[in-house]
Amino acid sequence: MSILSAEWTALLYLAAAVCFILALKGLSSPRTARRGNLIGAAGATLAVVTVFLSAKLDNIPLILLAIAVGSAIAAPISRRVQMTQMPQLVALFNGVGGGAAALVAMLELGHSEGPWVLVAVVFTMLVGAVSFAGSAITVAKLQELITTRPVVFPGMKWVMTLAVVAALVIGGLVVATGSIGWALLLLVLGLAVGLLLVLPVGGADVPIVISLLNAFTGLAVAASGVVLDNVLLVVAGTLVGASGTILTRAMASAMGRGVSGIMFGAFRGGSTAGSTTQSDRPVRSSNPEDVAVMLAYAQRVVIVPGYGLAVAQGQHTIAELATTLEARGVDVAFAIHPVAGRMPGHMNVLLAEANVPYESLKEMAEVNPEFKNTDVVLVVGANDVVNPAAKTSPGAPIYGMPILEVEEGRQIVFLKRSMRPGFAGIENELLFDPKTTLLFGDAKDSLTKVLGAVNAL
Amino acid sequence: MDPITLLTVIVLTVFVGFEVVSKVSSTLHTPLMSGANAIHGIILIGAIIVAGQLDDPWLIAVALLAVALATANLVGGFVVTDRMLGMFRGRKPAVTSKDTTK
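Protein chains in written order, with the working numbering: chain A, 1 to 457; chain B, 1001 to 1102.
Just so you know, the hints here were simulated from the structure itself, not pulled from any lab data. Incorrect hints may have been included.
[Claimed, not checked] Heads up, simulated BS3-like pairs for lysine-lysine below, C-alpha to C-alpha not over 27 Å straight-line:
1. K1023(B) / K362(A)
2. K449(A) / K435(A)
3. K25(A) / K1023(B)
4. K435(A) / K391(A)
[What the hints assert, rightly or not] Simulated DEER-style distance windows between Cβ atoms:
5. D1055(B) / I146(A): 40 to 46 Å
6. T1008(B) / K362(A): 45 to 51 Å
7. T1005(B) / V188(A): 30 to 36 Å
8. P1057(B) / D229(A): 24 to 30 Å
Built from N, CA and C at the ideal position, the CB exists for glycine as well.
Using the sequences plus the hints, can you model the full thing?
In structure tokens:
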């Protein structure tokens, strides 16, 4: 239908673009974040309604059906997904968005004229395909469908270089000939580059890669806007590309890493020292009763939550344990590492869900000097973020990442499922320290037992 | 759009993009990433425009796939971001979120 004039269409797209800017602005502050997200959704709705009312469209029933199918799949999954699986879901949505952009550009190839438009087609297809394949690998890594260790093979560097050069050459051919055959080959090469780009990234760095691929998809969408001569796509895509780049750098610096180190570290070799196997050295393991006594008679306890707590859904139990200890006069705080869990802010969200008061959550810089005055540090399902290897062994994949200095504490209790190393795949020396006690088991079970034992004292 | 106007729009948008997220606490990194992820789902309008111009059934099928994927990105992105942010709400007026989780 062409109900709306070109001027009205442009104005409504402008309104949608403003909504997106306000959405990102809102999402940058805790108070306005939720409203920001709703403004973004409103902008998107406005844009979709506008396109139906302005463009001359055939196949409208089929298009509406496809929209219904997409929503019917995505909305329930998003509503029901476990907290721990949210990063995968974000990566998945990012990947399909990139895939959609690549397909749109490919379908427009026949209608595209002029070298710049064709360059935009090639760019969208290539970057969209990279984002699609790369996101698929991050999902597989986060779901542990494939190993979380960096995957490298001899000569990978050359294969990668070859794939990139081939993609650029084929891209040039697509621009020169406009041939759909070359375009399909370009798509395949894009997928290969995406694969090769993300496979060598170690597990702990995956959230940063998701953010980077998110920015990639943004750029692909911006380029598709050039292809379709649609200013809203250009603005929205560029906005995501730019903010995504800043966000990626911010995340990387929260982990004390550079983005290029994460992406290419494994290629250069040397940073894959995650392959140490589990050793048989003795550790001191204990029972819930002993841990309960340690905690209940301490003056000050700092709890360090990690991914294991999120997996076990133990947030309510640990909140209750903290309240119980505080009722006995113990000073309890939670130490939050910015990248504990599998995404930045994971622990804040998890503990907020269990109504842990905001004042009890301490950030890394605030809590690190306090560890030496702490009687018991209770590490629940965290490993990499307290691993002193980040400070002491330059070869480790996490070397240089700021950590919670729990080794300064007087006594350390680890609640762990097993001796398995953390997501980064490196063993933690702290587990063998004489002042460390281990309590094996599912975090929630262990916490329930400890809580019961504290109550029985 | 002529190339110069286009370039102007892109350059200005890049600065806006840098500016709006320049001072964000690490707590909000993930919801912000997720929100930005939802926004690029707007490729949906591109997919709709393309799907509405085709005649060949196979090409229409490909375009409809793009529409469905883009919708998943857009709808799922906003819903999952809202859920993440909903969990933050439990801090101060901590009444509503507890009922739903138990």
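Hint-by-hint comparison with the structure:
For the hint linking K1023(B) to K362(A), the alpha-carbon distance of about 19 Å falls within 27 Å, and the restraint holds. In summary, the hint linking K449(A) to K435(A) is supported, as the alpha carbons are separated by about 22 Å, within the 27 Å threshold. The hinted pair formed by K25(A) and K1023(B) meets the criterion: a straight-line CA distance of about 10 Å does not exceed 27 Å. A threshold of 27 Å between alpha carbons decides the hint, and for K435(A) with K391(A) the separation of about 19 Å falls inside it, so the pair holds.
Against the hinted window of 40 to 46 Å, the Cβ-Cβ separation of D1055(B) and I146(A) comes to about 41 Å, which satisfies the hint. For the pair T1008(B) and K362(A), the beta carbons lie near 46 Å from each other, so the given range of 45 to 51 Å is met. The hint said 30 to 36 Å for the Cβ distance between T1005(B) and V188(A), and at roughly 35 Å that hint holds. Checked against the hint of 24 to 30 Å, the C-beta distance between P1057(B) and D229(A) comes to roughly 26 Å, which is consistent with it.
In summary, the structure agrees with every hint in the numbered list given earlier.
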